[in-house]
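Line by line, the protein sequences are chains A and E. Each residue of the first sequence is one higher than the last, beginning at 65 in the numbering used here. Each residue of the second sequence is one higher than the last, beginning at 2 in the numbering used here.
Possibly wrong hints are sitting among the right ones.
What the hints assert, rightly or not - According to the in silico footprint, chain A covers these stretches of chain E (three or more CB under 8 Å from chain A):
hint	region
1	23-35
2	95-109
What the hints assert, rightly or not - Some chain A residues flagged as far from chain E (calculated, every beta-carbon gap over 10 Å):
hint	residue
3	Ala66
4	Val76
5	Gly80
6	Ser82
7	Thr84
8	Gly106
9	Leu109
10	Asn129
11	Ser133
12	Gly167
13	Gly173
14	Leu176
15	Val179
Worth flagging that the hints you see were computed from the coordinates, not collected in a lab. These numbers were taken from a predicted model, which means no experiment stands behind them. From the three backbone atoms N, C-alpha and C, an ideal C-beta is built for every residue, glycine too.
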Amino acid sequence: NAGVTQTPKFQVLKTGQSMTLQCAQDMNHEYMSWYRQDPGMGLRLIHYSVGAGITDQGEVPNGYNVSRSTTEDFPLRLLSAAPSQTSVYFCASSSHRQGAVYGYTFGSGTRLTVV
Amino acid sequence: SQQGEEDPQALSIQEGENATMNCSYKTSINNLQWYRQNSGRGLVHLILIRSNEREKHSGRLRVTLDTSKKSSSLLITASRAADTASYFCATASNRDDKIIFGKGTRLHILP
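Work out the full structure, taking the sequences as your base and the hints as a guide.
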């Protein structure tokens, strides 16, 4: 099993550009989330999904869109990149609501720099 | 605002000693989870404790939960160099499906 796969691993964007961070899992997990990690801030929840077709906002959703058309994929779209979105982005998935039983499985992250 | 707050922010101990990290949170929870993150890597789930549990063990890990004080502790016994990492608590609220992380404790095991 590949687990949670995030692409790309590294990306440099110019201010104002848009892009999509990809996240795919092959574990048939219903629950998926996107987090950003900044120095000294821990992980902050951007958006999450409890199943295909269902998404909701997290702590810091502004400037990001998500969609969940399939169980496997949960892409994160930056609408108009800003330097404040420079961060490491993690996608995570779980088989149970709220990570009950086994917790969340994390991808290896996408390091994004906006210049 | 973040739900969990770990304490201390950083901890250095000698190999073989026990390491204790604490997590405080603000609202009622369904469960609390601890994760480890090695430098430059994704997070790895360590252990989960439900709101109706008070203590849980997994290998060298011991987690306690005190819902009256809204706090949890993670004890790593007989620490090893490989335990050097950042440790995060994450809380699952009983109001929604969010999992909210704290800022983490950086643990450094000295040889």
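Cross-check of the supplied hints:
For the region 23-35 of chain E, the stated coverage by chain A holds: 3 residues have a C-beta nearer than 8 Å to a C-beta of that chain, and at least 3 were required. Chain A is given as covering the region 95-109 of chain E, and this holds because 9 residues of the stretch bring a CB closer than 8 Å to a CB of that chain, at least three being needed. Once the 10 Å rule is applied to beta carbons, alanine 66 of chain A is consistent with being away from chain E; the minimum gap is 13 Å. Listed as a non-interface residue, valine 76 of chain A keeps its Cβ farther than 10 Å from every Cβ of chain E; the least gap is roughly 18 Å.
The non-interface label for glycine 80 of chain A is consistent with chain E: the shortest C-beta to C-beta separation is roughly 29 Å, beyond 10 Å. Residue-level check passed: serine 82 of chain A sits 25 Å from the nearest beta carbon of chain E, beyond 10 Å. Here threonine 84 of chain A stays apart from chain E, with its beta-carbon at least about 19 Å from theirs, past the 10 Å limit. A cut-off of 10 Å between C-beta atoms contradicts the statement that glycine 106 of chain A is not in contact with chain E; the least separation is 4 Å.
Residue placement check: leucine 109 of chain A does not keep its beta carbon more than 10 Å from all beta carbons of chain E (closest about 6 Å). With a least beta-carbon separation of about 18 Å from chain E, asparagine 129 of chain A lies farther than 10 Å from that chain, consistent with its non-interface assignment. With a closest Cβ-Cβ approach of about 19 Å to chain E, serine 133 of chain A is found to remain outside the 10 Å limit, as its non-interface label requires. At roughly 3 Å from the closest C-beta of chain E, the C-beta of glycine 167 of chain A falls inside 10 Å, breaking its exclusion from the interface.
For glycine 173 of chain A, the non-interface assignment is contradicted: its Cβ lies about 6 Å from the closest Cβ of chain E, within the 10 Å cut-off. For leucine 176 of chain A, the non-interface assignment is confirmed: its Cβ lies about 15 Å from the closest Cβ of chain E, beyond the 10 Å cut-off. Separation of valine 179 of chain A from chain E is adequate, the least Cβ-Cβ distance of about 21 Å exceeding the 10 Å criterion.
When each numbered hint is compared with the structure, violations occur for hints 8, 9, 12, 13.
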